[in-house]
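Read top to bottom, the protein sequences are chains C and S. For what it's worth, UniProt numbering labels the leading residue of the first sequence as 1, then goes sequentially. For what it's worth, UniProt numbering labels the leading residue of the second sequence as 1, then goes sequentially.
Since the hints were made in silico from the structure, they are not lab data. One or more of the hints may lead you astray.
With a straight-line cut-off of 27 angstroms between C-alpha atoms, the simulated DSSO-like cross-links for lysine-lysine are [as the list claims (entries may be wrong)]:
{"#": "1", "chain 1": "S", "residue 1": "Lys549", "chain 2": "C", "residue 2": "Lys549"}
{"#": "2", "chain 1": "S", "residue 1": "Lys84", "chain 2": "S", "residue 2": "Lys186"}
{"#": "3", "chain 1": "S", "residue 1": "Lys549", "chain 2": "C", "residue 2": "Lys84"}
{"#": "4", "chain 1": "C", "residue 1": "Lys84", "chain 2": "C", "residue 2": "Lys186"}
What the simulated footprint calls covered on chain S by chain C, stretch by stretch (three residues with Cβ under 8 angstroms from a Cβ of chain C suffice, anywhere in the stretch; the number is not a length) [as the list claims (entries may be wrong)]:
{"#": "5", "segment": "111 to 118"}
{"#": "6", "segment": "271 to 280"}
{"#": "7", "segment": "285 to 293"}
{"#": "8", "segment": "382 to 391"}
{"#": "9", "segment": "406 to 413"}
{"#": "10", "segment": "465 to 474"}
{"#": "11", "segment": "556 to 570"}
None of these values were measured; they are calculated from a predicted model. Positions of the beta carbon are idealized from the N, C-alpha and C atoms, including for glycine.
Protein chains: 2
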Amino acid sequence: MRTSIATVSLSGPLTEKLTAAARAGFDGVEIFENDLLTSPLTPEEIRTRCADLGLTIDLYQPMRDIEAVPDEEFARNLRRAEHKFRLMRRLGTDTVLVCSSVSPNAVDDDALAAAQLRQLADLAAEYDIRVAYEALAWGRHVNTYDHAWRIVEAADHPALGLCLDSFHILARGSDPKAIEDIPGEKIYFLQLADAPQLAMDVLQWSRHYRCFPGQGGLDVAGFLGHVIRAGYDGPLSLEIFNDVFRQADAATTAVDALRSLLVLQESTGVHASPAPVVPTGVAFAELVTTDVEPTAELLTALGFTRTGRHHGKPVDLWEQGEARILVNTGPSGPAARRDGTVLAALGLESPDPAAAAQRAEALLAPVLPRRRAPGDVPLSSVAAPDGTALFFCATRRPELPSWTEDFEPTGQEFDSSAQEADGHGIHHIDHLALTQPWHQFDEATLFHRGVLGLDAQDSVDVADPYGLLRSRAVSTADGSVRIALGVGPGPGDDLGRPQHIALACDDLVTTARRFCEAGGHLLPIPANYYDDLAARYGLSEEEWSVYQKLGILYDRDAYGTLRHCYTRTVGRVFFELVQRDGGYRGYGAPNAPVRLAAQRAVAF
Amino acid sequence: MRTSIATVSLSGPLTEKLTAAARAGFDGVEIFENDLLTSPLTPEEIRTRCADLGLTIDLYQPMRDIEAVPDEEFARNLRRAEHKFRLMRRLGTDTVLVCSSVSPNAVDDDALAAAQLRQLADLAAEYDIRVAYEALAWGRHVNTYDHAWRIVEAADHPALGLCLDSFHILARGSDPKAIEDIPGEKIYFLQLADAPQLAMDVLQWSRHYRCFPGQGGLDVAGFLGHVIRAGYDGPLSLEIFNDVFRQADAATTAVDALRSLLVLQESTGVHASPAPVVPTGVAFAELVTTDVEPTAELLTALGFTRTGRHHGKPVDLWEQGEARILVNTGPSGPAARRDGTVLAALGLESPDPAAAAQRAEALLAPVLPRRRAPGDVPLSSVAAPDGTALFFCATRRPELPSWTEDFEPTGQEFDSSAQEADGHGIHHIDHLALTQPWHQFDEATLFHRGVLGLDAQDSVDVADPYGLLRSRAVSTADGSVRIALGVGPGPGDDLGRPQHIALACDDLVTTARRFCEAGGHLLPIPANYYDDLAARYGLSEEEWSVYQKLGILYDRDAYGTLRHCYTRTVGRVFFELVQRDGGYRGYGAPNAPVRLAAQRAVAF
């Protein structure tokens, strides 16, 4: 279906908004009145600009407080409307949005509303314009779509129809099923918006917290299904009032926006993207460093072995069990130059790497250029919203070339028998924790869900000494891939926040001890924490005093327990060692404030 | 009364919080459990640190989900509580906050709750500890203060009393009057918090949006009156969960916090500060500039005359009617060095400058040091939260020395007769628009209300192309002093945002024309704006085409009309020319998005 976006959803002056929408691939736009008023371009120039960019102007919006008012006021409203109709002819758009009145002068009289809207439509028809009437969720007398439809039906005018907006309908908890009873040709326009589930005043909720479909908690896909079944075949248009997007880069937001419509159409079955290929594990994590020594020391102390060297690039492969870390000392980007060591890429073990890459590309994930030498194993990668490169890989599977073939053995091999003998050591990467750009936290979740097929957990707040952080985990159903997406308390605070790699083991106490014996340092945790731990969980002194000595934190959820501890930070990166027992599902969030304060307190 | 603050209200690690509270002048603190758990200091060390800083530890908080639970669970809770009582002895504090249970295991049984709280109090008494029971607004069964009191009364234990929190009581809309029926000695603790009036889930509201008394919309002063009349004489303690304060500088927040308690005590009549001395006008605005020429050109084109030169400093006085602008080319601070020209100070015409300064100092406004030469007129000044120096002055009044006496006449005088002859020209400073630090927007309002005795209007959102700005006006009842406090969309966005001086005239069209004829340039406004203006207000083409030619904006409110236009920006500063008619009260906020977009569009 055709896609459209309201200019209010994007930041910047009108021309920037239009360019961003066109470059992302939208077919059309809704022109929000304020964007026209503040633009130095004349309506004719805006029309030409849109045409040059390949955009149609699908809607002009909004007209307010038109109907169900005393005669004299309505006469004034008609004059005002005619003025706008002339403007719309200059713009070259044929549909205007009329919001249900919020005026204190409006009366609760459907017959009057219908009669006045009929007059408005008569006037509009003279200009070849259609009027799309929309029930605002906070409309004074008309605030549900079925009420708006009764009025439009009673007015019975060929230039009068409905505009449906998923937010206005779902936020009030209205049942959208009866949309199917409305003739499709009377639905003139469809606006799609999601929103987080917030128990708050609906007007404030709408004006500040709307988000793209799939980023919030409303069933926009189910809603769209009803509208499609009614026979609607106009554009799918996004109208998002969001305080964060207003500040974000318009080009980025526009791509995120269009991706949300692709995922939405897939969910509703109107448009099929290549099927998701859910990853089955983390093949590797790649560090880029300007300062290799501390990184190598840390990996050695953790029990990793440097098993390979890339045949054409300065990249080392370190292994332990199924945990693989690449250390890249090649030309570094600005992040590594600033921070010394950064987590730059993830390899995702994929059942079908080529299909996974196709899916990602179809969902507008930026495909990363790759300098591939003739002998290299083919490997596709895309950029996540935070810039992390995601590689779709196969690791030592007979049916596919393995990325590990690009690495020449160093002669050292990881000795798994020693590990198996005493049960300590690291098995695999348990999860990655990545800081997201502040303006794209919701988008990051949608990206990982839509592009990678991961499931999202609820967002949690975590108290850092200098502000609340938010964290939201995305994972496969079996936990084989887990990524904790984090965001700082404000824009600008995302850069430089640590990223971390959590490594899974079966016996944390032994593994942590070995690490310390090998010269590693674990983050010291305040004694007060252990005192409280004893009180909360009734751990024996023997148990908690071992934890205290090492710096091991402890958590329980409904399924099991977590023991975990942290290494020192190298550049932007630190490691966590985790032991999950009994099917523990979380990430130790209750302990995160303790960890954050400890990281700030100690420079070690 | 004694003042106290919960450590959760301030940012940073515990030691920073304690230092900030002590330096601001608080008598005590509530230790929030999480701050203790994350601190590397032992309880004994925290106790010593507080003692060294002159702080008492008035409360340890919180204990949760204690009461009205099955026996076995309660036994576990008692063990946990005993652990905390031992900790409190080490800390040297004797009161613990117990929040009403939110546990799904809690039953709706007041007798059981009372019996278990009695047992808890028995145990507490062994440690010389008192239990302060508080009804959380979202408590599972107990969520009102009168319900909590019934339980405490039934438990009837000398170590069990109430904690009252203004937020929990006022946010639910409970009538606080019946607090007066509770014996004062059974109110063990009082927590004070305000909050903006938001229709939202009370838990989210409480956890993220609390603010200091006087900054929100709750009647905390009335509430405090009831508690005082009940006979409470313990500390007034602030417990503020606020996402912004969590990120702000603790030292600044602590001063703002204590000021809020001073203003609150004054409102309630428990403590009298020196009486407010409300200013009667703006004596002057002072620009500091590293680049005097464009500033002088602008003032000249606006019709100002350079009438005086400070006898000891490189400061010029420019006058027109009652509008006075100082241009300071002396040693400049970092702001002027960065931005070239900044609005650095305001002179407020004061009925009693000395008393106004005393009031400001008593309310913790930072008194600014002043390099005064022997012959200078005495002039006191304090710093507003945004760093603007506020001078309390008298201008050419017979009974007091006038600050203008420090200026030697240049020989040029402003010719008011020419102005009077044709009615154009500037009369006085209509208002100032100042950008506030992002972390102190609410505090800036309280400062201007409390310290200067101004009234605050509602906050409004204004759409800039790159984010929503907020603006809140503070003014005297007669409008003789008006300041629009603005804030950008995020932290870091406050620096460098323009400030402006609005100048009042009676005939804007003529005044604007003269300005242009004198070589001044007004901000060009898009034609689309005028097209819409005609439709909205039915202005004649003659009228709006003049406005369009000059760049004059137009607004109406319930009282009258506003015409206004803008000069170009010099450094960080621009001027607005305004003509208010018929008692218009606003600041042209509906036109602000147009102005903001135009300022971004045009570099002129």
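Hint check:
Restraint check: the Cα-Cα separation between lysine 549(S) and lysine 549(C) comes to about 77 angstroms, which exceeds 27 angstroms; the hinted pair is violated. Of the supplied pair hints, the one linking lysine 84(S) and lysine 186(S) holds, its CA atoms being roughly 22 angstroms apart against a limit of 27 angstroms. For the suggested pair lysine 549(S) and lysine 84(C), the alpha carbons sit about 22 angstroms apart, so the restraint of at most 27 angstroms is met. Restraint check for lysine 84(C) and lysine 186(C): satisfied, since their Cα atoms lie roughly 22 angstroms apart, inside the 27 angstroms limit.
Chain C is given as covering the segment 111 to 118 of chain S, and this is violated because 0 residues of the stretch bring a CB closer than 8 angstroms to a CB of that chain, at least three being needed. For the segment 271 to 280 of chain S, the assignment as covered by chain C is violated, since 0 residues bring a beta-carbon within under 8 angstroms of that chain's beta-carbons and 3 are needed. Closer than 8 angstroms: that is the beta-carbon criterion, and the segment 285 to 293 of chain S has 0 residues meeting it against chain C, so the requirement of 3 is violated. Coverage of the segment 382 to 391 of chain S by chain C is violated [criterion: at least 3 residues with CB-CB distance below 8 angstroms; count 0].
Only residues whose C-beta sits within less than 8 angstroms of a C-beta in chain C count toward coverage, and the segment 406 to 413 of chain S has 0 of them, not enough to reach three; the restraint is violated. For a cut-off of 8 angstroms, the count of residues in the segment 465 to 474 of chain S with a CB near a CB of chain C stands at 4, and the three-residue condition holds. Chain C is given as covering the segment 556 to 570 of chain S, and this is violated because 0 residues of the stretch bring a CB closer than 8 angstroms to a CB of that chain, at least three being needed.
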